[in-house]
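Peer 1: Residue-level listing of the chains:
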Amino acid sequence: MTPEEIAFQARIDRGEKIEPKEWMPEGYRKTLIRQIGQHGHSEIVGQLPEANWITRAPTLERKAILLAKVQDEAGHGLYLYCAAETLGISRDELVERLHSGNMKYSSIFNYPTLTWADMGAVGWLVDGAAIMNQVPLQRTSFGPYSRAMIRICKEESFHRRQGYAIMMKMAAGTFEQKRMAQDALNRLWYPALMMFGPSDKDSVHSAQSMAWKIKMNTNDELRQKFVDQTVPQAQLIGLTVPDPNLKWNEEKGGYDFSEPDWNEFYDVLAGNGPCNKDRLGARVKAWEDGAWFREAMVAHADKKAARQYAVATE
Amino acid sequence: MTPEEIAFQARIDRGEKIEPKEWMPEGYRKTLIRQIGQHGHSEIVGQLPEANWITRAPTLERKAILLAKVQDEAGHGLYLYCAAETLGISRDELVERLHSGNMKYSSIFNYPTLTWADMGAVGWLVDGAAIMNQVPLQRTSFGPYSRAMIRICKEESFHRRQGYAIMMKMAAGTFEQKRMAQDALNRLWYPALMMFGPSDKDSVHSAQSMAWKIKMNTNDELRQKFVDQTVPQAQLIGLTVPDPNLKWNEEKGGYDFSEPDWNEFYDVLAGNGPCNKDRLGARVKAWEDGAWFREAMVAHADKKAARQYAVATE
Amino acid sequence: RDAFFEFLLRIGDTTLILGHRDSEWCGHSPVLEEDIALANMALDLIGQTQLWLGLAAEVEGKGRTADDLAYLRDAWDFRNLLLVERPNGDFGHTLMRHFLFDIYHLALLQALATSSDRRVAEIAAKVGREVAYHVERTSNLIVRLGDGTDESHRRMQVALDALWPYVGEMFIADEKDEAVAAVGIAPNSASLRAAWEKTVRDVLAEATLTVPESKFAHKGGKRGIHTEHLGYILADMQFLQRAYPGASW
Amino acid sequence: RDAFFEFLLRIGDTTLILGHRDSEWCGHSPVLEEDIALANMALDLIGQTQLWLGLAAEVEGKGRTADDLAYLRDAWDFRNLLLVERPNGDFGHTLMRHFLFDIYHLALLQALATSSDRRVAEIAAKVGREVAYHVERTSNLIVRLGDGTDESHRRMQVALDALWPYVGEMFIADEKDEAVAAVGIAPNSASLRAAWEKTVRDVLAEATLTVPESKFAHKGGKRGIHTEHLGYILADMQFLQRAYPGASW
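Protein chains in written order, with my numbering: chain A, 2 to 315; chain B, 2 to 315; chain C, 1010 to 1258; chain D, 1010 to 1258.
In short, the hints are calculated from the structure, not lab data.
Ideal Cβ placement from N, Cα and C applies to all residues, glycine included.
Among the hints, erroneous ones may be present.
Said to hold, decoys possible - Anything over 12 Å on all C-beta distances counts as not near chain A; from chain C, calculated:
#1 Glu-1145
#2 Arg-1153
#3 Ala-1171
#4 Glu-1178
#5 Glu-1237
To be verified - Below are the EDC-like pairs computed for lysine to aspartate or glutamate, each with C-alpha atoms no more than 20 Å apart in a straight line:
#6 B:Lys-170 to D:Glu-1222
#7 A:Lys-278 to D:Asp-1077
#8 A:Lys-286 to A:Asp-14
#9 D:Lys-1228 to A:Glu-94
#10 A:Lys-305 to C:Glu-1145
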């Protein structure tokens, strides 16, 4: 390590925040750009599975809540892109990397939302897992990222509660509604577990990220915490977690549970999830169809500036 | 009149059929191209209002019947375009004239189909009115047109019966179904009356067309006949024709009835019907989106011919 | 009372359907800020729908709720303006439709704020601020897109030409409009036209767009005679309520 | 019996949904002859649906009808292949989807013509001729479009690449497939693959198209786990039956 790097690490170890204009190792910058960018992309792509049910929400109240949630996600995307921009990458570049497949988004959004209960399950499990990842990141070493996380976590936990409320309602509803709720849990349980990433023994790059406080906990720690939190919630509303091996382990003070099918995880990552092509296709189409709009905004601003300049110099 | 024209008229008067390769006055040819072309266009555009309910047909049986009907209409369009082609105009030219607004299609298809009952009312009233126009045209002087009409009339009268069967079912159905049936009759009655064209006193070009046996009856004659046929059918299934002035006139042996709103007729003709832009827009889009397909068909045929030629001359 | 109920459906159904159309853009807008803005407008409109249809249900007095009205009527019982059920088209088309409606919407709400019916006046006062913001936003975008690139100018002119025949319906009063106007519940629709024209023409002029000359106006939405598009909107919107009758969500 | 019922749903739902997708083209095809041909295929498929779902209802023995099965089940109870619910895309995309299915469909029917269940054998024999014609038509068009212009070649290759991950599901047998195969009602799905591959590869070669190398196969349709597209199809298809329960049409 160079003296600069040693000093940098010392600052992090002391719990100081790193701010955009300050010196940082290239690896730190790159890792953060990737992580924050992918986090932002997840928010953006993550609009789609839920937007899929806005036009079909069953009541006006549910429609309004879902609209507000999807809007929040777009807002989170915006904060995160802004945080990434402070590291010297433009939003257009980030978008380009998403569209070219160079940067990923959370694989969970490559699963379809097939019934209304999925709006409950997504909020409860997906936002639940996201929060589990994000709460520790409020203490991450990079200032703008940390501040974005603080703001985002507040909203996400609201979303999680709303999702759980939908599930509760469904689980206490008609036979069909209960069936829908259980079906959603069955389909989304393992993909939610996958959100924490591969098992620690297969996870690369973790040590450096943890030293830099970009990653605060190991994948398996967070996954365990998620399971321990979620299982009782499922039981409370009479739903069954689809895992025959699920069992309370008194000794470790947590549940034993089955690993997700990691082959499926890598398949989805490789582009073969149920919705990879539809999701990325929808985003690329939105971007391309909207090119004329973005160009017009720029052109108008230029014209206006030119006119103001002309007036000023008359 | 030239001697040729006199001889031509004499053939028509004797009831002879004129065939494509035979001499005919330019006016006869032009009038026929317009009439047959517009008739063909009406079949093509006429697919759209009914296609609108195929995906929403209420039973598999009804869906199959409706599909078959729309398919028949495309078939009619094909016969008619072929008949027009014998007069020396290509299908592409006909299509171009439709898309440029140079040739019209029946204004009835500029009205929307808003409920399932419209599938009944369109069959019963619109095909009913069409048949009323077409039956006499089976005796028209131009051979290919006459033969096309014979074939088409047979299928149309089947469609009319199917449409009436839907109306009968609806009128004998639940309160809501009855309401749908009556609502469809209310909306489509006057547009159906308009299908015979303006009142004789305002109708231009009629005399020459009648002498040529391109037009066999006056607009008002056919309209009267349609009303006289349709009113009892409505009564039979308990529907009310939406005309307070409707009254049996013993003396003339037919119904007295209100004229349609001719201002609306001319408005629709001028392009301001509820669906003019949507209908023509859909056709133009289909044509433009399909250009690559048609070009490929030609290119493949050319390649194949070239290959066969190469083999033959080896 | 029947006219009052109808009047409330006309406005409540209009905000519902426009909110629906807006929401179709979620996740598909040209730029992130627009995703947020359009979702926000949709959210405002759905909230307004709850108020208007809620009052409609109350006025009707048959024990129906706002949700019953939104989810259990078929197209012919909907009373929204035809303008708002038109397909979205490109993003400029959606904004043009919004703009043409927003200017009317704000004028209507300002007039309703002095309604003889206290409940109407309260709702109008409450939601007027939201709509004032819609007006500000869409007017601003119309100017920027009209006076942007050649391409954006062309698209906005196409949108304006296509939508113009649907603006007249906002200002044509029938006997039901006249009945509510007579008792001071609502303004006379026709009375809103002059101010609307002025504002709209000013913005369009700044946007370098040409107002079509045609005075032709499609109508029917206010009487339940819609375009073919509404049926498809409702098939999606109402699916769950229709497929699982009586369930509580 | 449960496996037999499932098997009939898998084929009946598949013909229903493909017929639906075909019918979306009515009035919108690139050329009149295609409007007719596609409507004709849709008509065949809907007719087949009546037979298969009719038999399914009979086998189930709970008093339901083919229409009940088509109109009153939600997406998760549908058992169609994912391939047929994919959106139409351009006309070439629709034809490619049809072609990939048709070759399988014909082979399946030929095998079913010797089914141990007489009713299945009768239906298969009856509809085999229709499907043989579909095969002839779509194969022919695939060759012409693949080996047409550069543009048509490009479009057909895009379609093939996009649809290829959905063909595997046709040949993957689960325990229900195995149960009906064991009693001779239906062939083993996997057994149809070799002949299918040969025919498909021959046609695609003549069409100058490149068969994708990926062996990845999406699945789920046969167990009721669909794509997001099916829900929208059903919202339209079932609207009237859902909105007016118990009415007779």
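Peer 1: For each hint, tell me whether it holds in the structure or not.
Peer 2: Outcome of the hint check:
1. No Cβ of chain A comes within 12 Å of the Cβ of Glu-1145 of chain C; the nearest lies about 16 Å off, and the non-interface call holds.
2. A beta-carbon of chain A is positioned within 12 Å of the beta-carbon of Arg-1153 of chain C; the least distance is around 4 Å.
3. Its beta-carbon lying about 17 Å from the closest one in chain A, Ala-1171 of chain C satisfies the requirement of being farther than 12 Å from that chain.
4. Here Glu-1178 of chain C stays apart from chain A, with its beta-carbon at least about 24 Å from theirs, past the 12 Å limit.
5. In this structure Glu-1237 of chain C is separated from chain A by more than 12 Å, as the shortest Cβ-Cβ distance comes to about 17 Å.
6. Of the supplied pair hints, the one linking Lys-170 of chain B and Glu-1222 of chain D is violated, its CA atoms being roughly 54 Å apart against a limit of 20 Å.
7. Note on Lys-278 of chain A and Asp-1077 of chain D: the hinted pairing is violated, with a Cα-Cα distance of about 34 Å set against a maximum of 20 Å.
8. For a cut-off of 20 Å, the pair hint linking Lys-286 of chain A to Asp-14 of chain A is broken: about 44 Å separates their Cα positions.
9. With a CA separation close to 35 Å, the supplied pair Lys-1228 of chain D and Glu-94 of chain A exceeds the 20 Å bound.
10. Taken as a hint, the Lys-305 of chain A and Glu-1145 of chain C pair is honoured in the structure, with Cα atoms around 18 Å apart against an allowance of 20 Å.
Comparing the model with each earlier hint shows violations of hints 2, 6, 7, 8, 9; every other hint is respected.
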